[in-house]
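K.L.:
Listed here are the chains, written in short residue letters.
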Amino acid sequence: MPQQLEVTEYDVIILGTGFVESILAGALAKTGKSVLHLDTNEYYGGSWTSFNFRELLDWAQLLQGHVEESSGNCQETYFEGKKALPTNFSKIRRQAYSTIEYEIYATLKQTDNAEESEESQHKREQNTSEETIHHVSTGLTNPERETLTTLLKESRQYNLDIAPKIMPCRGELIELLINSGVGRYLEFKALDRTYIYSDQDNFYKVPCSKEDVFTSQTVSLIDKRKLMRFLTFALDFTTSPETFDGYEEKPYDIFLKEKFQIDGKLLSAVLYAITLIRTKANDVNTIQGLTYTQKYLKSLGRYGNAAFLVALYGAASEISQGFCRISAVFGGIYMLNHSVKHLLIDESSNNFTGLIDVNGQQLSSTYLITAIDYIPENLLQENEECEQISRAIVIIDHFIHEEDDATLTIFPPDSVGNEYPISVLQFSEGTRTCPEDKYVLYMSTKASGESAKEDLYKALEKLVNISNNDSSLSSPLFALFYRHKYRDTTSLSSLLPNNIIVTNDPDSSLDFEAATIQAKQLFEKMYPNEEFLPVGPDLDDDEFSLD
Amino acid sequence: MDYTHHGQKRVKPSAEIEKFRKEKEATKIKEYKNLVASCFQKRDKKEFDKDALALTTKILSQNPDFYSIWNFRRLILLEGILKECSEEDTRKTLSTELDFLQEIFQLNRKSYWIFNHRRWCLETMQNPDWNMELQLIGKFLEIDARNFHAWGYRRYVTSKLSHATETSLIQIEFDFTTTKINQNFSNYSAWHQRSKLLPLLIKEKNLNEQEKKKLIDKEFELVKAAFYTDPDDQSAWLYHWWLVNGQDSTISMSLSEKSKESSSILNQDLSIITSERIELLQHEISMVRELLELEPNSKWCLQTLANLLIELKRISETNIEENSKIDDEVITICDRLIKIDKFRTKRFEDLRSKIISAKSLVKPVSQELE
Numbered sequence: 001m002p003q004q005l006e007v008t009e010y011d012v013i014i015l016g017t018g019f020v021e022s023i024l025a026g027a028l029a030k031t032g033k034s035v036l037h038l039d040t041n042e043y044y045g046g047s048w049t050s051f052n053f054r055e056l057l058d059w060a061q062l063l064q065g066h067v068e069e070s071s072g073n074c075q076e077t078y079f080e081g082k083k084a085l086p087t088n089f090s091k092i093r094r095q096a097y098s099t100i101e102y103e104i105y106a107t108l109k110q111t112d113n114a115e116e117s118e119e120s121q122h123k124r125e126q127n128t129s130e131e132t133i134h135h136v137s138t139g140l141t142n143p144e145r146e147t148l149t150t151l152l153k154e155s156r157q158y159n160l161d162i163a164p165k166i167m168p169c170r171g172e173l174i175e176l177l178i179n180s181g182v183g184r185y186l187e188f189k190a191l192d193r194t195y196i197y198s199d200q201d202n203f204y205k206v207p208c209s210k211e212d213v214f215t216s217q218t219v220s221l222i223d224k225r226k227l228m229r230f231l232t233f234a235l236d237f238t239t240s241p242e243t244f245d246g247y248e249e250k251p252y253d254i255f256l257k258e259k260f261q262i263d264g265k266l267l268s269a270v271l272y273a274i275t276l277i278r279t280k281a282n283d284v285n286t287i288q289g290l291t292y293t294q295k296y297l298k299s300l301g302r303y304g305n306a307a308f309l310v311a312l313y314g315a316a317s318e319i320s321q322g323f324c325r326i327s328a329v330f331g332g333i334y335m336l337n338h339s340v341k342h343l344l345i346d347e348s349s350n351n352f353t354g355l356i357d358v359n360g361q362q363l364s365s366t367y368l369i370t371a372i373d374y375i376p377e378n379l380l381q382e383n384e385e386c387e388q389i390s391r392a393i394v395i396i397d398h399f400i401h402e403e404d405d406a407t408l409t410i411f412p413p414d415s416v417g418n419e420y421p422i423s424v425l426q427f428s429e430g431t432r433t434c435p436e437d438k439y440v441l442y443m444s445t446k447a448s449g450e451s452a453k454e455d456l457y458k459a460l461e462k463l464v465n466i467s468n469n470d471s472s473l474s475s476p477l478f479a480l481f482y483r484h485k486y487r488d489t490t491s492l493s494s495l496l497p498n499n500i501i502v503t504n505d506p507d508s509s510l511d512f513e514a515a516t517i518q519a520k521q522l523f524e525k526m527y528p529n530e531e532f533l534p535v536g537p538d539l540d541d542d543e544f545s546l547d
Numbered sequence: 001m002d003y004t005h006h007g008q009k010r011v012k013p014s015a016e017i018e019k020f021r022k023e024k025e026a027t028k029i030k031e032y033k034n035l036v037a038s039c040f041q042k043r044d045k046k047e048f049d050k051d052a053l054a055l056t057t058k059i060l061s062q063n064p065d066f067y068s069i070w071n072f073r074r075l076i077l078l079e080g081i082l083k084e085c086s087e088e089d090t091r092k093t094l095s096t097e098l099d100f101l102q103e104i105f106q107l108n109r110k111s112y113w114i115f116n117h118r119r120w121c122l123e124t125m126q127n128p129d130w131n132m133e134l135q136l137i138g139k140f141l142e143i144d145a146r147n148f149h150a151w152g153y154r155r156y157v158t159s160k161l162s163h164a165t166e167t168s169l170i171q172i173e174f175d176f177t178t179t180k181i182n183q184n185f186s187n188y189s190a191w192h193q194r195s196k197l198l199p200l201l202i203k204e205k206n207l208n209e210q211e212k213k214k215l216i217d218k219e220f221e222l223v224k225a226a227f228y229t230d231p232d233d234q235s236a237w238l239y240h241w242w243l244v245n246g247q248d249s250t251i252s253m254s255l256s257e258k259s260k261e262s263s264s265i266l267n268q269d270l271s272i273i274t275s276e277r278i279e280l281l282q283h284e285i286s287m288v289r290e291l292l293e294l295e296p297n298s299k300w301c302l303q304t305l306a307n308l309l310i311e312l313k314r315i316s317e318t319n320i321e322e323n324s325k326i327d328d329e330v331i332t333i334c335d336r337l338i339k340i341d342k343f344r345t346k347r348f349e350d351l352r353s354k355i356i357s358a359k360s361l362v363k364p365v366s367q368e369l370e
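Those protein sequences? They're chains H and S, same order as listed. Under full-length UniProt numbering, the first residue of the first sequence carries the number 1, and numbering increases by one thereafter. Under full-length UniProt numbering, the first residue of the second sequence carries the number 1, and numbering increases by one thereafter.
Hints are computed from structural coordinates only; laboratory data are not their basis. Keep in mind that the hints are not guaranteed to be accurate.
[What the hints assert, rightly or not] Cross-link-like lysine-lysine pairs, in silico, DSBU-like; alpha carbons within 30 Å at most:
id	chain 1	residue 1	chain 2	residue 2
1	H	189	H	520
2	S	224	H	205
3	H	205	S	139
4	H	205	S	214
5	S	139	H	265
6	H	257	S	30
7	H	205	S	160
8	H	265	S	205
9	S	342	H	259
10	S	224	H	259
11	H	189	S	139
12	S	30	S	46
13	S	299	H	298
14	S	339	H	259
15	S	50	S	22
16	H	259	S	299
17	S	24	S	46
18	H	298	S	214
19	H	298	S	205
20	S	325	H	257
21	H	298	S	45
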């Protein structure tokens, strides 16, 4: 007998436990709204989740269409006088991903007792999703199989983010984590260093703070002065508008060249590694650029000499779960692995009234908040302009620059034939992303070529011994390339009922800022008179606090 | 430091909470006053016992800067608890003291009195563990690299440790200042420590002239990087001025009276030293001029340039024409500094008038000689 819910009417039903949906769940429950939070997946996080190695393989297989999924064969129909639109979660989600390719590499170390390992490998394979393993291991050479065996053996030590992001030490998300108390459920590490690739096959540490500028051996004295003068100005740029007068709408790089004589390598570092623009330089105007730079600079010095924090055990899914926990504490009801058959629309008012869940139960609410994957097909519209992001998750056996827990490496546009900047986050065991002797590279860039692999491969070659037999580089064990769409309101039909609130996919930025702002704005749109995750009474507050 | 309360709305506590808080505070104040009164009673009665010690512990845990209580505590230990105590027991008691001090350092890491009592304990006990002290103070400087109490205590500990183990810590300590300066060069204590160590390092390594020059050149490079990073940071400029004028003979760059003596002791040719010094000054003058081109309004830049020029004029017996050119430049610099550095206007006016009057004195004399 399937589980039936006792309460069938809610203020808000939320579909998907992605980052934005989860923040909203926490915020709404905290203001006393009744919340029902469902996810078709059996895990938290939606398209923001993190997987162990085995789950990642399953996921890749699923998106490639190698694994059969029960497709919602539902028809549009009528239910108690309401139009019942069928959802098709699996299909729509799969359409968001493309050019999925993965490779398993032969490890250099040869095992002496190959026979024994093959036997134990066989045993282990039986314990896992056999279909996946069968498919993956077909066509592999023995050494490659050995790598696969190692990865599967250590599978649970991996927390691999499918939309990896870091958070500025001063920004929307960090304040929200502090104010809401969700930060207490999480652990963080500082991002140790940023590197930038320059065309002569060199990586330079990017001087971000005053200390970095002072100690940097690669920055000339004159450049030290130029850079410091610019950074000092940018930190407080709004107080001297005369400096950027007339440049507001002009490209940021022009402003930097003309007003601060910043050029060449230094210009690249400022644009792509400090301002962290994800597009071409001339796509960002001076005001936008200064705002990003300032944000970065303000983040320095709060938690040591780092501008970003990395959440341990996979960022977005941990954060999402933290907010879901807040929601549950304030009465939110949670059901994972619980899909939705139909959304019910009242035809006369074109309002969402409720939904029919997998058990055929009707559940109704004033609002529906949903990830795009749950929206019925005829309420979506094909958007040719939709931005796409190429990503790669690469497991390697050795760190790429220095032995740090978390680093960021940037390839500026055109440095390895790339149209847009490529970012590479390297996480170690210290971030609880992977086992002790492994490192994970998360690569991403705005899509430009034919496939994710094409967009990222040349950058990967500079970091990892993937094809060029350069044994000084670290060796890869596994690489997964994929591309996903960034679907926002432009992907929605104008017929979408007003009380269906839609959350965006993970964007191409390195941080959660836009997503956090979206959560806040959606909340304020729904309930303009309520406060968004207000600071609660701090029970640990010392009455003699010096504050 | 705890920033988690920043950017949050201050919620005004309700009248009820406020009343409760005030009452609680009043009780605390009363308790504290009673403690102090009974402690002084004990002192007046010369009761140097365990109860007295416990009282001081209670008071100092709330107010570690109460020096009369510290003095009484030492008396209790010397005249009471430690009297006729075995060496082993003395050690135990003083170790407990050290633990107590470490605990109340949490309240204030810049308390003269805690440091004072700690020194007293260590000096009163046999074979104190100076290595542990060095580790402790390393932690202090990790928490706050600009805590000058900690820097002073570090000098004290290293001298004790180096004496006890008969090993030199000069190079290690010199490198330690490099680390701290690299982390944040706006640190007077670290630069000061460095200025104390550099001459000792040169002496200890018995460097020849060339090696010495190399080492000092590296110091000039270091401050130069600091100037280009932040020309407004005073600490690096002060170290620079010390490097230029290093009064210590081991640097032997200076031609002040003192170093004249020492250089004659070293039996060096005075004229070589003078020419080297002129070269140094000229080198630094051109360095500052370059920076000034980028930062025409940097007051430290201008001030240093003026100082270098005045020093150059003083030691080089250049011709009158040269001197007069230098004077004119210094006067121009003074004029600019008067405008830039409003708080020190009078000081630069004074310097300018001195130069002008000296100039007017020189001229007639030289004309007479002609």
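K.L.:
Evaluate each hint against the coordinates.
P.N.:
Outcome of the hint check:
1. For the hint pairing residue 189 of chain H with residue 520 of chain H, the CA-to-CA distance comes to about 26 Å; that is within 30 Å, so the pair holds.
2. Of the supplied pair hints, the one linking residue 224 of chain S and residue 205 of chain H holds, its CA atoms being roughly 21 Å apart against a limit of 30 Å.
3. Distance hint between residue 205 of chain H and residue 139 of chain S is fulfilled; the C-alpha atoms sit about 28 Å from each other, no more than 30 Å.
4. At most 30 Å may separate the alpha-carbon atoms for a hinted pair to count; residue 205 of chain H and residue 214 of chain S meet this at roughly 27 Å.
5. The suggested pairing of residue 139 of chain S with residue 265 of chain H is violated, with an alpha-carbon distance near 38 Å, which exceeds 30 Å.
6. For the hint pairing residue 257 of chain H with residue 30 of chain S, the CA-to-CA distance comes to about 66 Å; that exceeds 30 Å, so the pair is violated.
7. Between residue 205 of chain H and residue 160 of chain S, the direct Cα distance comes to roughly 40 Å. Violation of the 30 Å bound is thereby established for this hinted pair.
8. For the hint linking residue 265 of chain H to residue 205 of chain S, the alpha-carbon distance of about 41 Å lies beyond 30 Å, and the restraint is violated.
9. Restraint check for residue 342 of chain S and residue 259 of chain H: satisfied, since their Cα atoms lie roughly 28 Å apart, inside the 30 Å limit.
10. For the suggested pair residue 224 of chain S and residue 259 of chain H, the alpha carbons sit about 24 Å apart, so the restraint of at most 30 Å is met.
11. Under the criterion of a C-alpha separation no larger than 30 Å, the hint pairing residue 189 of chain H with residue 139 of chain S is consistent with the structure, at around 21 Å.
12. Only pairs whose Cα atoms come within 30 Å are accepted, and residue 30 of chain S paired with residue 46 of chain S is accepted, the gap being roughly 24 Å.
13. Restraint check: the Cα-Cα separation between residue 299 of chain S and residue 298 of chain H comes to about 27 Å, which is no more than 30 Å; the hinted pair holds.
14. For the hint linking residue 339 of chain S to residue 259 of chain H, the alpha-carbon distance of about 26 Å falls within 30 Å, and the restraint holds.
15. At roughly 33 Å between alpha-carbon atoms, residue 50 of chain S and residue 22 of chain S are farther apart than 30 Å, so this suggested pair is violated.
16. Only pairs whose Cα atoms come within 30 Å are accepted, and residue 259 of chain H paired with residue 299 of chain S is accepted, the gap being roughly 23 Å.
17. About 33 Å separates the Cα atoms of residue 24 of chain S and residue 46 of chain S, which puts this hinted pair outside 30 Å; it is violated.
18. A distance of roughly 39 Å separates the Cα atoms of residue 298 of chain H and residue 214 of chain S; the hinted pair therefore is violated under the 30 Å criterion.
19. A threshold of 30 Å between alpha carbons decides the hint, and for residue 298 of chain H with residue 205 of chain S the separation of about 44 Å lies outside it, so the pair is violated.
20. Taking the CA atoms of residue 325 of chain S and residue 257 of chain H, the gap is near 38 Å; set against the 30 Å cutoff, the hint is violated.
21. Between the alpha carbons of residue 298 of chain H and residue 45 of chain S the distance comes to roughly 59 Å, so the proposed pair goes past 30 Å and is violated.
Hint check: violations occur at hints 5, 6, 7, 8, 15, 17, 18, 19, 20, 21; the rest are consistent with the structure.
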